[in-house]
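**Student:** Below, each chain spelled out in residue letters.
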Amino acid sequence: MSAGWKLLKRGDLGAFLDSLAAGAELWVPRRKGTRWDFDQYEKGTDTTFPTSIIEVSAKALFFPRRRPIARFNPKAKWSVEPVEPASEPRIVMGMHPCDVAGVRYMDRVFLANDHPDRLYEAERNRTTIIGMRCSEMKPTCHCTDRNLSPDETEGMDVVFAEAEDGLLFRALTEKDERLLGSPLLAATDAKPEAKEWPKGRHLVPGPDELMDLYDDDFWLEASDICLTCGACTFACPTCTCYLVADEKFGDEGERVTAWDSCQFLSYSRETSGHNPRRSNAARLRNRTLDKFAYSFHKHGMSSCTGCGRCVLICPIQRSFPQLGTKLKERVEEKKSKARVS
Amino acid sequence: MSAPEMARDPKILAFLCRWCSYAGADLAGTSRFSYPPNVRIVQVPCSGRVDPVMIFKAFVEGYDGVLVAGCHPGDCHYGTGNYHARRKLAVARRLLETVGVHPDRMLFTWVSAAEGRKFAEVCTTFAEGLKQFAGRPKTLAREALAK
Amino acid sequence: MATTELVPRPATLVKVTNESADVMSFEMELGDGSSMDSLPGQFVEVSVQGYGEATFAVSRLAADHKRFAVSVKRMGHLTKMLHRAAEGEVVGVRGPYGKPFPVEDWKGRGVVIIGGGIGLAPLRPVVDYILGHKTDYPGLEIVFGARTPGDLLFKEDLAAWARDSFIKLHTTIDFPAEGWNSRVGFVPVVAKDLGLKPDNRVAVVCGPPIMIKLTAVALRESGWPDESIYTTLEAKMQCGIGQCGRCNIGSKLVCRDGPVFRLDQIPSDSL
Amino acid sequence: MTELQQKARELLDKGEIDALLAWKVDPGIGDVRPTLFKKDDDAAEIVFDERCVHNLANYLPTLTARYNRVGVVLKGCDGRSLTTLLIEHRISKNSIVALAPACEGVNVNGARAQKCDDCPTATSPVADYEFGARLARGDAEFKQLERIEKMSPEERWQFFAEQFAKCRRCYACRQVCPLCYCELCIADQPEPRWIEPSRKLSANAMWHLVRAYHLAGRCSDCGECTRACPEGIPIRLLNIAVEKLVREQFGVRPGTKPDELPPLVTLAKDDSDEVMAEHL
Chain H
1 MSAGWKLLKR
11 GDLGAFLDSL
21 AAGAELWVPR
31 RKGTRWDFDQ
41 YEKGTDTTFP
51 TSIIEVSAKA
61 LFFPRRRPIA
71 RFNPKAKWSV
81 EPVEPASEPR
91 IVMGMHPCDV
101 AGVRYMDRVF
111 LANDHPDRLY
121 EAERNRTTII
131 GMRCSEMKPT
141 CHCTDRNLSP
151 DETEGMDVVF
161 AEAEDGLLFR
171 ALTEKDERLL
181 GSPLLAATDA
191 KPEAKEWPKG
201 RHLVPGPDEL
211 MDLYDDDFWL
221 EASDICLTCG
231 ACTFACPTCT
241 CYLVADEKFG
251 DEGERVTAWD
261 SCQFLSYSRE
271 TSGHNPRRSN
281 AARLRNRTLD
291 KFAYSFHKHG
301 MSSCTGCGRC
311 VLICPIQRSF
321 PQLGTKLKER
331 VEEKKSKARV
341 S
Chain L
1 MSAPEMARDP
11 KILAFLCRWC
21 SYAGADLAGT
31 SRFSYPPNVR
41 IVQVPCSGRV
51 DPVMIFKAFV
61 EGYDGVLVAG
71 CHPGDCHYGT
81 GNYHARRKLA
91 VARRLLETVG
101 VHPDRMLFTW
111 VSAAEGRKFA
121 EVCTTFAEGL
131 KQFAGRPKTL
141 AREALAK
Chain B
1 MATTELVPRP
11 ATLVKVTNES
21 ADVMSFEMEL
31 GDGSSMDSLP
41 GQFVEVSVQG
51 YGEATFAVSR
61 LAADHKRFAV
71 SVKRMGHLTK
81 MLHRAAEGEV
91 VGVRGPYGKP
101 FPVEDWKGRG
111 VVIIGGGIGL
121 APLRPVVDYI
131 LGHKTDYPGL
141 EIVFGARTPG
151 DLLFKEDLAA
161 WARDSFIKLH
171 TTIDFPAEGW
181 NSRVGFVPVV
191 AKDLGLKPDN
201 RVAVVCGPPI
211 MIKLTAVALR
221 ESGWPDESIY
231 TTLEAKMQCG
241 IGQCGRCNIG
251 SKLVCRDGPV
261 FRLDQIPSDS
271 L
Chain D
1 MTELQQKARE
11 LLDKGEIDAL
21 LAWKVDPGIG
31 DVRPTLFKKD
41 DDAAEIVFDE
51 RCVHNLANYL
61 PTLTARYNRV
71 GVVLKGCDGR
81 SLTTLLIEHR
91 ISKNSIVALA
101 PACEGVNVNG
111 ARAQKCDDCP
121 TATSPVADYE
131 FGARLARGDA
141 EFKQLERIEK
151 MSPEERWQFF
161 AEQFAKCRRC
171 YACRQVCPLC
181 YCELCIADQP
191 EPRWIEPSRK
201 LSANAMWHLV
211 RAYHLAGRCS
221 DCGECTRACP
231 EGIPIRLLNI
241 AVEKLVREQF
251 GVRPGTKPDE
261 LPPLVTLAKD
271 DSDEVMAEHL
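Chains H, L, B and D, in that order, give the protein sequences. The first sequence maps to residues 1 to 341 in this note's numbering. The second sequence maps to residues 1 to 147 in this note's numbering. The third sequence maps to residues 1 to 271 in this note's numbering. The fourth sequence maps to residues 1 to 280 in this note's numbering.
For the record, the hints were derived by calculation from the structure and aren't laboratory data. Do not rely on the hints blindly, as some may be mistaken.
Claimed, not checked - Dumping the calculated DSSO-like pairs for lysine-lysine here, alpha-carbon to alpha-carbon at most 27 Å:
| no. | chain 1 | residue 1 | chain 2 | residue 2 |
| --- | --- | --- | --- | --- |
| 1 | D | K200 | L | K11 |
| 2 | H | K248 | L | K118 |
| 3 | D | K166 | H | K328 |
| 4 | D | K38 | H | K32 |
| 5 | B | K134 | B | K168 |
| 6 | D | K166 | D | K143 |
| 7 | H | K248 | D | K166 |
| 8 | H | K9 | H | K199 |
| 9 | D | K38 | D | K14 |
| 10 | H | K32 | D | K166 |
| 11 | B | K155 | B | K66 |
| 12 | B | K15 | H | K75 |
| 13 | D | K93 | H | K138 |
| 14 | H | K195 | L | K118 |
| 15 | H | K77 | B | K80 |
| 16 | L | K138 | D | K39 |
| 17 | D | K200 | H | K248 |
| 18 | H | K75 | B | K80 |
| 19 | D | K39 | H | K334 |
| 20 | H | K75 | L | K11 |
| 21 | B | K252 | H | K326 |
| 22 | H | K337 | D | K143 |
| 23 | D | K14 | H | K328 |
| 24 | H | K75 | L | K138 |
| 25 | B | K197 | B | K213 |
| 26 | H | K328 | B | K252 |
| 27 | H | K335 | H | K199 |
| 28 | D | K150 | H | K326 |
| 29 | D | K39 | D | K93 |
| 30 | H | K77 | B | K155 |
| 31 | B | K15 | B | K107 |
| 32 | L | K138 | D | K166 |
| 33 | D | K24 | H | K32 |
Claimed, not checked - A few chain D residues that don't get close to chain L, going by computed Cβ distances all over 12 Å:
| no. | residue |
| --- | --- |
| 34 | G15 |
| 35 | I29 |
| 36 | E45 |
| 37 | A65 |
| 38 | I87 |
| 39 | N94 |
| 40 | A102 |
For each residue, glycine too, the CB sits at the ideal point set by N, CA and C.
So here's chain H without its partners, still in its complex pose:
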């Protein structure tokens, strides 16, 4: 793998971004209203990279909330033409480890599948991820509890970190060495400051223990105050459920996939009107278990990356990690009861 770190002086950031944008579509974090989101870089604009979580996950860059998959002419009987995948090179810069982990999970959903999603694959193939090490953890961050760390680089092509006099870059794959070929970057002996991160706590019970709670009253109690809106699912970097719909307007028609949420009553409703997850409790259980148990079974990794976006966004200040803690208590309770009897 590549050599060491390269330093970009703070004053040269704009010029460096311009040079990246010259060869590819460049996406960087941008402040929109009260939150950070990703936006396409425009030459010459001031850009800052948040040192911790970007409130809006980069999920939509790989799996847009509305995604045409085929086009047709509504006036013809049958004229379905698949949408051509995008192919121009793209760089997404500033994704943090939890967000990149989300992409790794999406890879398992969309690519490690008997029927890989070619549109998603194209988005992945055309994208170089320049990830960023976090230099702090926000109160809602808990990646260290989820087998991740603010220093994690898996899934990134290039990583960069804050340093005293600029930004330190390092290529993680051969092919992306060239991105760092810019004369603005100078080889250096400096390394990003090694930080002590909190030790990972095992807040959430393991998949098997959780499955034992499937029929527990816990879910009914826990869902007392859940609104069953979809805010947490849309904020989550690994929630990828979608619906398929046909839309028509004049001579244009599109078949699209659009984000859907397991928290919606309509999501699991069958055509007959029957709904296997009618109760709030059943829906809350589905989401919680999917994050902490089903995802292990289905894709071999937890779909909770510890980003804490669900906590940030929840209208009733519910916290999924805390739900996990309570589940843990319940598991212990059950165990001790079993021991007594």
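Guided by the hints, dock chains L, B and D onto chain H, whose structure is given.
**Tutor:** Okay, now just chains L, B and D, sitting in the frame of chain H:
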């Protein structure tokens, strides 16, 4: 619709109560009163049946104007349908105006079965008024699907 | 393929049959002449351009694997449009998907088919298969119920099955009707009254969720273990390829790990 | 212990209520969150201050189906929602006990909520027990609408189009609203499909217009839709634009009178035809 086309014939969607206004439109036709050709009529059982969602949808689908006409107050076939309609339409107008649909794009009025001439006049004046929007982007209208 | 699996292939409707007041069967062939290699219990996604798509079990497959049928009950938007389609029209098809009934594993065992209403559609290919391999199976018993005599599907098949001495056929309707001389009663009740014995047999149950649930109860009472009761759960699915998420039963995805399940593989509240 | 906490403990201890819906500080997140208190829980943990933004009336239809009697702590605006829920027979008064402390206003994002400037009832109009003196409240009379009123139609659309385009259709605005309780929401209804499910401007605009219309003359202006919106869309503006009409033309202030039907389910023969041409 292209701008010059629109200047000729604004597209109007008219919801007409079957007891009064639809009969009024019929009378306008049989009496050979002329009114603009691009009025597409939807017959409803009562003006009270017009759910504002239909009006919203009409604008989304690209109509230039929406006309709702029912029996005059006191004449409703069902007794009170048009009193309900009056309140619903007031709210619909308020919402549409709030988000920027121009007030001249909606016309809510009463037309009796005998008022064939009034129907023709109402349509003509409404369509004339809509010509001011020719070539201007349509508020609320659905964006083309493909970018 | 430069496209996503979600884009359907065109198929031409070759024959449209009215099965009952609200069920129609559509026989079709793929536009490019390629074959449909579906196994009993597998499903396809059928779409009408502009009206979306839905999941249907293949309800018959011709011997040459060219012509296949789906049987569709009019329920919502898509099915309504499908019912308006005429022979010669083109619809979209994806699939076949899903795990089939393990008919090979059942060899040497008797099979009991229990269908309610449109629930018989995914089971007909199983019957077809067994009838084509009679020597491998000691016997076939079919219990089929519908609301009214008119709602009984596949009337020609029913008549043929009734004539076939290999098959023990019981038809039932929910409430008494004029001119009906056979059984009356809901399928689970009939299943219980018949006293179906496990006797080294497997049962295949499909119908509305409540019918599956209650039939399972009836079978258990007659001594059937959950391991010998199979069902199929297409109603939950959308994308059919293990992505969209809505058909999950715990960690299992109905489209990927099913739609055929043994009752011991799924929790009872998940139907 | 405050009077409110004491009363809550008393009601729970005596078994007059099976559960009490109130707020509690969650140590994990350091913020208040709606919490269901049971007999064994410590009523001294109940808080009532400017952090208690959530409209607890929202939970009552579900909770009253599960418990015989539910106690609930209500702000003025929550009480107005409850009034409408009672008028619409969503819940029966017998199944709830309303605890109504005087509300001094709540904070959203560190600043006093805009809705509080136009609050007609600082104390819930439905109250079995009141705490603190009723506070008088100055009517700001739709001050927040002024900036919209000043805009031309083009400017208004520019403003709202930008807002609606952000909508992800997570339906937090619907779920957080006590009065948005349809079993099958028009947005989920597959046929006819009035509101397309995919997130684009026209469908999003349809959703927001229809939502506001369905709340016309019922909205208690609790402002929860705006607070809950993850995208920061000022959803409430549409509601108060309608409420302005409702107040001025039909003389209705939703939720303030226990026996007043919402204006759109009733009628007045003497409404002027002018209401149909009333401009904002």
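**Student:** Which hint numbers doesn't this structure obey?
**Tutor:** Checked against the structure, the hints that fail are numbers 2, 3, 4, 8, 13, 14, 16, 22, 23, 28, 30, 31, 33, while the rest are satisfied.
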